[in-house]
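Asks: First to last, the sequence lines map onto chains A and B. So the first sequence is numbered by the working numbering: it starts at 1 and just counts up by one. So the second sequence is numbered by the working numbering: it starts at 1 and just counts up by one.
What the hints contain is simulated information worked out from the structure, not anything from laboratory work. Note that the structure is a prediction, hence the values are computed from the model and not measured. C-beta: ideal position from N, C-alpha, C; glycine also.
Computed, partial: chain B to chain A, Cβ under 7 Å: (1) K83; (2) T86; (3) G198; (4) G199; (5) R289; (6) I298; (7) G302; (8) R308.
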Amino acid sequence: MVANKTTLKSVFLENRVLLLKITIHLMSLLPLVALYLLAFDDQLGADPVKEVIHFTGMGGFNLLLLSLLIMPLAKKYRQAYLLQVRRLLGLYSFTYAVCHLLSFLAFEVQFDLTLFFNEIIDRPYITVGVGAFIILLSLAFTSLNSLKRSMGKSWQKLHNWVYLAVLLIALHYFWSVKSGLFDPGMYAVITVFLLSLRREKFKRWFKK
Amino acid sequence: MLIKTKKNYQLSENEVTAEPVYHDRRQVLKKMGYLGAGTLLAQSASANPLDFFSNKPDKVFAQRALSFQPAGESSQIWTPEAKVTTHNNFYEFGTNKSDPVENAQGFNVNPWQLSISGEVDKPYTLGYDDLFTRFDLEERIYRLRCVEAWSMVIPWIGFSLAEVIKKAAPNSRAKYVAFETLYDPKQMPGQASRRLGGGVQYPYVEGLRIDEAMNPLTLLSVGLYGKTLPAQNGAPIRLVVPWKYGFKSIKSIVSIKLVEKKPPTSWNILAANEYGFYANVNPEVDHPRWSQASERRITSGGLFARNRIATLPFNGYGEDVADMYKNMDLKVNY
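When you get a sec, could you build the whole thing from the sequences and use the hints?
Replies: Listed below in structure tokens is the structure:
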């Protein structure tokens, strides 16, 4: 019995990164697939467009916050293996952001490109959202290991922009609601909290 | 008059999915999304992971059929009843569009008292039954344009507000009409909690100028789709002002008061730079945060419905109402 347990535990420990990755894949992909299937079929409330845009927006934000939680967790509990799933979370956050923006273009403004670009320029909350998207886009493009190696130190510099991106997303959410600032307020608090865990790092930047 | 030809994506009403199925499917996604990317914080009180394990049948708000003068033929595609009754801004029952249908089913509207008072010679009060018997009921098919840039076409049942006001014999000081929604935090969770109620100051209040109130288009509605109003649509009686943004059409009214001075209005109190007193539908004046030049008409059809249409001045009712504003700068008086 004892031997059996140990074996099971060790199998689990050896494969924990793989298991964690499979979990992330399932929990990120399944809702996204279900979302679009239901929306195409008009089974997603009265206004499937709004549902799709909100769901992908919140999903992307949640995934980015999770990815920012990894480093503090790994440090505090000395679980370095967690760092191996950070990129996957970041890439899924980007995937949700792509769906969010493309759904706005395709289903909300319905390919009225003039309206699309006017809204980006005229509406501050959309402007900051697009700003965050551009940052996430460049981070996603440079996430390949080979690129990371060839970029050397500038890779880390570029990827530090994620802190600005998450702040812009928090602002984007805050500005986008009609009233009721509780939820966006909570998200802003979580965002600032996750960034505050990195205050030593930020202090070092300013000392230089 | 808006002439619309039926497109292939615009299904007729009998092609709409039955409501129970429609609610169920939505729940499935909520549950999947909860653990995954959907929500760190539950978006609404009902998005609870334990919902998955309890399938207790909800109370259902009772509706009954009404007899009324039906509207004539209309070329407009109606928004399916299942959408009219599940996509509501009624912050007294929560700020998400699907909150009111979930939270308002236990709403008790009988007995009800609607008082008509203020600058009138004959103030009076209507009880619940009076709402359906004192005035001739007629059906009117109106476009409803929300300030959030979506719209619906809804077959309302009701009577002109003008009839109700005339009966009270307003005096010469009656320059405006002030409306008030029921205040009952025990029944309305949004009034009991600032978070659920979206920070709106309750009771919800609205107002019209007297000429707007007396315009024959202005309707007091007690029903839709042939039946009494569902709770989430503002039972037992609500206002419908079709040339103004939807937030003017105050729900579950307990007081209609004729007053001399312009009354305060709820969304104007909350954000004066975004929501004016007049709130006439106007494609020329954008909301600070989005364009009002076009709207998405909610009918049938899923994500691929090509439903973005141009917004018309006064929501297409200019012929009947534009004269009331001819000497006003509508960019200032938004």
